[in-house]
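Student: If you want the building blocks of each chain, they are given just below.
There are 2 protein chains.
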Amino acid sequence: MTHAEDSDQMAAVQPNDVEDTLAPLLNPGSVAIIGASDNPARIGGRPLRYMRDAGFNGRIYPVNPNRESVQEIPAFATIAEVPEPVDTAIIAVPARAVVDTAEACAAANVKAAIIFSAGFAEMSDDGRRRQDALAAIARTTPMRIVGPNCLGVYNSATGFFGTFTSTIEAGRPTPGRVGLVSQSGAYGSHLSLIATLRGIGIRFWVTTGNECDVDVAETIGWLARHPDISVIVAYAEGVCDRDRLFASLALARARGKPVIFQKVGRTDVGAAAARTHTAALAGTDAVYDGVFRQYGVHRARDTEEMLDVAYAATFGTFPASRRVGLMTISGGVGVQMADEAVERGLEVTPMSAAAQARLKTLLPYASPRNPVDITAQAFNDLTLVTTNLDVMLAEGTYDAIVAFFTFVAAAKAMVGPISETFREAKRRHPNCLLIMSIVGPPDIVRRYEEAGCPVFEDPARAVRVVDALSRFSEAFARHTPPVALTAPAP
Amino acid sequence: MTHAEDSDQMAAVQPNDVEDTLAPLLNPGSVAIIGASDNPARIGGRPLRYMRDAGFNGRIYPVNPNRESVQEIPAFATIAEVPEPVDTAIIAVPARAVVDTAEACAAANVKAAIIFSAGFAEMSDDGRRRQDALAAIARTTPMRIVGPNCLGVYNSATGFFGTFTSTIEAGRPTPGRVGLVSQSGAYGSHLSLIATLRGIGIRFWVTTGNECDVDVAETIGWLARHPDISVIVAYAEGVCDRDRLFASLALARARGKPVIFQKVGRTDVGAAAARTHTAALAGTDAVYDGVFRQYGVHRARDTEEMLDVAYAATFGTFPASRRVGLMTISGGVGVQMADEAVERGLEVTPMSAAAQARLKTLLPYASPRNPVDITAQAFNDLTLVTTNLDVMLAEGTYDAIVAFFTFVAAAKAMVGPISETFREAKRRHPNCLLIMSIVGPPDIVRRYEEAGCPVFEDPARAVRVVDALSRFSEAFARHTPPVALTAPAP
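Protein chains in written order, with the numbering used here: chain Z, 1 to 490; chain D, 491 to 980.
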């Protein structure tokens, strides 16, 4: 099942006002930067530089009472003097000036504010009071607020980098079908960088920090509704609005969009650390386990697992059963993959006797049961790859096949024919997840990805992903009555 | 505890004849290649090419009755005509000719034979009989035999590449302190390649295949005795000689050499696949678990875990306790690392009140308990890194510290001072394992490794390695009475 777009069902769960209030934040036509710095290395200077470097297609208004221009763009003394009510204002001023600045933004009809500044509820009682004042502004005016104590947001498709995370300098994100929301700014930045280095395209990236208004739960719902997003990645230390989380997860599931969620603070020590970090209450961990299971969310333990599943999910094939076929050029890896699959509850169903007999005539010393060991001989006779794959697919048994080729499939002479074999197989069996385990440079890996196959260096990680994606399929298939989405705090 | 070298104890467990019979195999002065091919791409042509490319420092004798020379080296018609009794003969002839060839080798006083050919016990009853004949030669003559159905061996320090694995072409192994033995040739090749790409130096590499004579168990013992090896990595589908395995594992432990073992065939499906692969009997899995626990072996599930632990172990610091300090520039990652550590049974002991107070004065909004969150501010004031690390080490509580710096520590201006801080810390606290979690290119990672710190991109993987290395320390510390080493099959 892929990306269901049942618009009737969506109408029932999605009040338009929710979508409208976050759209200016994540797709702004105009951006003000309050506390804009002429120094492109400073926190107040970076968003301007990143947006210009990325060719942001909207209007930018630096606000700085001490300068005529900032980084060669005319500056304004106050937000009130900016010639239009901007979609998004970035607030990069000292903590004590933040509340006044936010009030001025609301008065200037700014639609959304992103507050970088730290020093609120995570630090002191005084900070808690100032954060409450910000929450009151968000509640009593139409202006939405992200933060405080966050690293901002980006939309990689428009070049809107409303963030000061220097990860952007280590590798600019590329647009893709993944939306990412993280309570932690630094960890969200780390995730963004690792995703970018792995070639995973993050379209929308939101760090929510102390969550005086916009939170992880609401953002998941917004991403679930966005037509360009098909995979949602979330990190949180605590979730306050339980109903909003449930509604967003239900919506994502109804739309066939997998949610991969890392909820930390599983242990007492971790939960205590979370309290001092984003002032989050981690809550009872078993409750989260239950919620995630109910809504078909994949709970990830770490960065690698999170991005493995997200990456594979972007290919859009979720196996309809847990039956997996294993093809290998190394018998040893076949055994390893079989162990991993069985221990994860996947079914390593044997091939039919007829199919086994057919493969045995092709390669007498191969092992055709499942795992299907085609041995390195397959690379002296590439028709063995094609025929073995055809026979496995013709069985009609497997909704996923993992093929281990290590570095051999990255050899120049092999890439063309093997990727063509898999492209053709994918064309004829679009609902079968075909994952390849290959060691090779990024350009070679890309060739196999373009054929429709996720690629993993490690065969065990490839098998784990089959487990994760088949569980999404089970969750999407469950009957899901429309759920009323709780509106954001009025 | 690092690399104990108690020679008295060793004398008790190590009959010299065992060492002697494998030394010519792995450090040969002369090598014959029977079935040598002039085509450097063929199985019989590759070892010659690999050895010449790597500058093998011994004498090479191609054996081929149809050619005067092979790859420009004078050839001999038979092994009997080779002008000296060679240390190692590589046998790359059709399966049916293998037994006669092996007999001729033994008659020519060859000290060890490596048999590439497949088609023995893994294939048929006839193959089983031919394999028994090989075993008989090994038993009744001084000649040792590796294989059949193996990919050979290498010694990366001398350029002896007695193998046809084409992984050598994807990245030539570099000498290091790791010894690797794998029953599976293709998986052993995959491991060798991944290790090489990760910068892990494998000195000796042995694939044992059908194990008619030399097996994984004996090789572990040989590696445990070798002075240049400090970490042993093993892969097996089944182990036949239980006593030999026990003796080898006891020896490795007595010498303070960690063994990382991947034993597959954990499940019924996996065990069945193992039978058709190397004809191995996987045995009851729980027995292996018990044996590994008893001898302090780290049982790894997959390639990544295996090489993570091996890599970190090469740094030679095994934490004497399970108390770990966590330093981070991301509060979110601090929470994640704390969860991972606690769930693995590590102790995330809080800092003393005095130490916390001291750090709090340095950085009021930091969180100094443990995890110690120094925030990104540390990179505007690098003395914060130094002071925080000093204070954590001065506590005397932690035998391991994991420091998460993501890509920030890879920035040009940061590498020098941060690596110097850690080098100095390591100098003053050599028994404390300092692991860094950094995202950066290989040359930057190398700088931190040279300071004495293993580097992991993923902080969760870094924490898991602390668990693994502290368990080795516990195993090494246990009282271990000398164990009589069972001699190889007489």
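Bear in mind the hints are in silico, worked out from the structure with no lab data behind them.
Keep in mind the model is a prediction, meaning the values are calculated, not measured.
Any given hint could be a false lead.
Derived DEER-like restraints, expressed as beta-carbon distance ranges [as the list claims (entries may be wrong)]:
id	chain 1	residue 1	chain 2	residue 2	range
1	Z	A107	D	R791	41 to 49 Å
2	Z	G171	D	N921	31 to 39 Å
3	D	P632	Z	R446	25 to 33 Å
4	D	L687	Z	N380	57 to 65 Å
5	Z	E343	D	A647	46 to 54 Å
6	Z	D289	D	N921	15 to 23 Å
Non-contacting residues of chain Z with respect to chain D, defined by C-beta distances greater than 12 Å in every case (computed) [claimed, not checked]:
id	residue
7	R52
8	K263
9	R266
10	A366
11	E450
12	R461
13	R464
Ideal Cβ positions, reconstructed from N, Cα and C, are used throughout, including at glycine.
Student: So, for every hint listed, does it hold in this structure?
Tutor: So, going through the hints one by one against the coordinates:
1. Z/A107 - D/R791: 41 to 49 Å: violated (59 Å)
2. Z/G171 - D/N921: 31 to 39 Å: At 37 Å between Cβs, range holds.
3. D/P632 - Z/R446: 25 to 33 Å: Violated, since D/P632 and Z/R446 (Cβ atoms, about 54 Å apart) do not stay within the stated range.
4. D/L687 - Z/N380: 57 to 65 Å: This hint is violated: roughly 25 Å between Cβ atoms.
5. Z/E343 - D/A647: 46 to 54 Å: violated (38 Å)
6. Z/D289 - D/N921: 15 to 23 Å: violated (39 Å)
7. R52: holds (21 Å)
8. K263: The claim breaks: Z/K263 does not keep its Cβ more than 12 Å from every Cβ of chain D (closest is about 10 Å).
9. R266: violated (5 Å)
10. A366: violated (9 Å)
11. E450: The claim holds: Z/E450 sits with its nearest Cβ about 22 Å from chain D, beyond 12 Å.
12. R461: violated (7 Å)
13. R464: violated (9 Å)
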